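Enquirer: Those protein sequences? They're chains B and X, same order as listed. Each residue of the first sequence is one higher than the one before, counting from 1 in our numbering. Each residue of the second sequence is one higher than the one before, counting from 1 in our numbering.
Everything labelled a hint here was simulated from the structure, so no lab data went into it. Incorrect hints may appear among the rest.
Ranges between beta-carbon positions, derived for each pair [to be verified]:
#1 Arg-269(X) - Pro-50(B): 48 to 58 Å
#2 Gly-74(B) - Lys-294(X): 22 to 32 Å
#3 Glu-313(X) - Asp-55(B): 42 to 52 Å
#4 Ala-304(B) - Asp-357(X): 51 to 61 Å
Quick list of in silico lysine to aspartate or glutamate cross-link-like pairs, DMTMM-like style, CA-CA up to 25 Å [what the hints assert, rightly or not]:
#5 Lys-314(B) - Glu-219(B)
#6 Lys-254(B) - Glu-344(X)
#7 Lys-152(X) - Glu-219(B)
#8 Lys-152(X) - Glu-225(B)
#9 Lys-152(X) - Asp-297(B)
#10 Lys-281(X) - Glu-304(X)
#11 Lys-254(B) - Glu-225(B)
#12 Lys-152(X) - Asp-51(B)
#13 Lys-212(X) - Asp-297(B)
#14 Lys-152(X) - Asp-55(B)
#15 Lys-152(X) - Glu-19(B)
#16 Lys-226(B) - Glu-189(B)
Since the model is a prediction, treat every value here as computed from it, not as a measurement. Think of the CB as a built atom: it goes at the ideal place given N, C-alpha and C, for glycine as much as any other residue.
Read off the chains here:
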Amino acid sequence: MPEMNMVRALNLALHQEMERDERVVLLGEDVARVGGVFRVSEGLLERFGPDRVIDTPVSEAGIVGCAIGMALYGLRPVCEIQFSGFAFFGFHQLNCHAARFRTRSWGRFQVPLVMRAPIGGGIRALEHHNDSEEALYVQSPGLKVVIPSGPRKARALLVSSIRDPDPVVFLEPKRVYRAFREEVPEQEETWPLGQAQVLRHGRDVTLIAYGAMVREALEAAEQAEKQLRASVEVIDLLSIVPMDTPTLLESVRKTGRCVVVHEAPRSCGVAAEIIARLNEQALFSLQAPIARVTGYDIPYPFFAREMAYLPSTKRILAALRKTLEY
Amino acid sequence: MPRKVCETFQIEYLQILDETGQVDACLEPDIPAEDLRKLYRTMLAARLLDRRMHVLQQQGRIGTFPSVQGQEGGCLGCAYALRLDDWMVPSFRETAALFWRGLPMKNILTYYMGMEEGNRFPDHMRDLPIAITVGSQPLHAVGLAWAARIRKDPVVVMVFFGDGATSEGDFHEACNMAGVFQVPVVFVCMNNQYAISTPRARQTHAQTIAQKAIAYGFPGIQVDGNDLLAAYVASRDAVARARQGQGPTFIECVTYRLSPHTTADDARRYRSDEEVREWQKRDPLVRFRKYLEKRQLWSEAWEEEITEEIRGEIDEAIRAAEAERARVEPLEMFDHVYGEPPPEVLAQREEAAEFVDQPASLRQT
């Protein structure tokens with residue numbers, strides 16, 4: 001099995017899906033000639049031509065809104081928003097239209113589009129290039145929200161997202177793009193939306209993370225094992241909507257303790273939702289309050305201070321310790 | 001180096017049928033007599049339904065709705081230029097055009113009874129649902145047209161929106177995309193002079209709305225939006241251009257809504273009765289009747305006959321809509337959100353089931 005980073009893995013998914021299904025088209029800013037600012041769509045223009053791989057004007061509402069029209073017509077548009085922080089310009093089109101067309105046409109129309117966008121911080125980027133807005137999409141019923149954490153699942157989830165009959169917001173942690181390689185099979189692979197993955201089995205505490213925070217979580221689990229002699233179960237959520245609640249419940253019922261990690265601000269974030277679900281359905285298994293390690297309720301700082309903002313292995317380890325010692 | 005003019009532009013205004021029913025014979029389109037009568041009947045149906053809906057609204061049988069009176073001619077003239085396999089993307093005052101495309105009256109009623117069912121148009125109609133958020137739908141039209149071009153289907157997309165919509169960013173992005181990619185779309189701005197209370201002059205300082213097209217690199221034309229013939233001729237040419245691969249066109253229909261914005265609006269707060277009376281003289285329905293009369297296609301007896309027919313259709317549509325309203329299954333609101341509902345939605349459906357009343361018609365069984 002070839003090893004590749006997340007950029008190559010996503011590129012493989014796009015190549016194979018465009019090959020397999022001529023309804024798949026790609027549109028976005030700088031996606032064709034230069035292959036995207038992160039090079040995720042490299043080589044696609046040469047292979048599939050300018051009708052299917054389209055450089056658009058700088059126009060996020062235009063990109064998302066046109067993708068909706070294309071999807072209504074029967075195409076399978078994959079649109080790229082250059083950075084998730086720019087997706088606000090297209091948010092109205094996603095929330096009020098992509099998410100609702102099926103409902104407001106009472107099932108007649110569907111919008112099978114994918115909106116890809118690099119998300120999250122940690123790459124010393126300019127302002128507006130670092131935020132994590134996933135919770136906004138979770139509050140837009142009708143959308144699905146996916147955040148992979150590594151090359152292999154990113155590829156499989158992108159394939160599943162393109163084939164999904166509903167609009168999928170596919171958020172790619174840019175910090176992970178070239179951070180490491182994984183074996184990714186050449187032949188087709190999918191991963192169901194709404195299925196989490198237990199990355200590491202453990203008995204004492206459940207550590208839930210997604211996106212770039214999964215690596216921090218694994219590292220913290222490693223250290224907890226050594227320093228605290230604790231057996232940590234790590235779950236990669238992968239899909240925020242739908243959420244694999246049964247896997248989370250099963251783990252927490254076993255361990256009785258839980259820490260949830262994300263980069264996004266704390267209040268009303270995804271961790272809050274996870275904790276609410278665990279409280280509703282696993283309260284009597286809990287031996288300690290569930291802890292959150294998140295970004296803070298402040299605007300994402302410029303990069304001189306970003307490492308103080310982002311959850312770190314140290315912060316996760318502290319939360320694990322507190323939870324275990326409760 | 002002297003300054004020089006690098007670009008100039010002109011905006012054409014088209015009127016074929018004036019308010020007295022006089023027609024410009026040089027510009028008059030060749031529309032079959034049967035179609036002329038059908039077009040008139042369609043306008044009349046939209047007008048009579050609208051009047052009846054005001055009564056239904058006061059009786060509490062339907063909710064708040066935006067009246068379409070005064071705007072029937074422009075939208076219908078435009079839509080008449082489309083083939084049935086073309087796409088039409090309405091805003092919310094295109095009832096006459098939707099009737100022409102095949103929408104049953106019942107859909108308009110159930111929609112304003114608060115039922116999504118009304119927005120599910122018959123499967124044969126290539127029309128998007130009624131769009132409420134102002135200026136949002138031109139992008140969907142551009143996407144449809146773009147997809148048609150990619151698939152090499154010879155279809156055209158026509159989208160309707162108001163003067164207020166032209167101040168929205170999404171509208172401008174739609175025009176820009178359409179111009180850059182030369183997609184087969186016809187933009188129709190139903191400039192009815194007001195966005196609720198805000199007059200046209202507060203939307204743009206430009207002399208015409210049509211000229212906005214120039215900035216995006218395609219032609220714009222202003223037409224008398226209460227003249228069905230002018231709206232048709234401008235649209236016929238625009239549709240032909242689009243179908244031949246010559247890209248988008250912008251049509252500004254200068255019209256007027258004779259009623260308040262919706263049944264919840266009080267138009268006397270922002271416009272005078274005198275102004276409304278002036279526009280009543282330009283009523284598209286009255287004008288078209290005069291035209292048909294001159295062409296000996298209209299008689300009082302026929303008017304009475306079709307009025308009776310339409311009233312019967314309205315009665316029947318109200319009966320059918322109210323029967324459907326009585327059968328509303330509240331829990332169906334969970335069923336059309338996703339192709340395959342996620343577990344959360346299914347669980348919440350079950351939770352809601354304990355608390356909702358079943359419709360009377362289902363309770364019996």
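Enquirer: Now tell me if each hint is right for this structure.
Expert: Evaluated hints:
1. Arg-269(X) - Pro-50(B): 48 to 58 Å: holds (52 Å)
2. Gly-74(B) - Lys-294(X): 22 to 32 Å: 46 Å Cβ-Cβ, so the 22 to 32 Å window is violated.
3. Glu-313(X) - Asp-55(B): 42 to 52 Å: With a Cβ separation near 51 Å, Glu-313(X) and Asp-55(B) satisfy 42 to 52 Å, so the hint holds.
4. Ala-304(B) - Asp-357(X): 51 to 61 Å: This hint holds: roughly 59 Å between Cβ atoms.
5. Lys-314(B) - Glu-219(B): holds (10 Å)
6. Lys-254(B) - Glu-344(X): holds (22 Å)
7. Lys-152(X) - Glu-219(B): violated (53 Å)
8. Lys-152(X) - Glu-225(B): This hinted pair is violated, its Cα atoms lying about 61 Å apart.
9. Lys-152(X) - Asp-297(B): violated (50 Å)
10. Lys-281(X) - Glu-304(X): At roughly 22 Å apart (the allowed maximum being 25 Å), Glu-304(X) and Lys-281(X) satisfy the hint.
11. Lys-254(B) - Glu-225(B): OK: Lys-254(B) and Glu-225(B) at ~18 Å, within 25 Å.
12. Lys-152(X) - Asp-51(B): Holds - the C-alpha atoms of Asp-51(B) and Lys-152(X) are around 11 Å apart, at most 25 Å.
13. Lys-212(X) - Asp-297(B): This hinted pair is violated, its Cα atoms lying about 42 Å apart.
14. Lys-152(X) - Asp-55(B): holds (20 Å)
15. Lys-152(X) - Glu-19(B): holds (19 Å)
16. Lys-226(B) - Glu-189(B): Outside the cut-off at roughly 35 Å; violated.
In summary, the numbered hints that this structure violates are 2, 7, 8, 9, 13 and 16.
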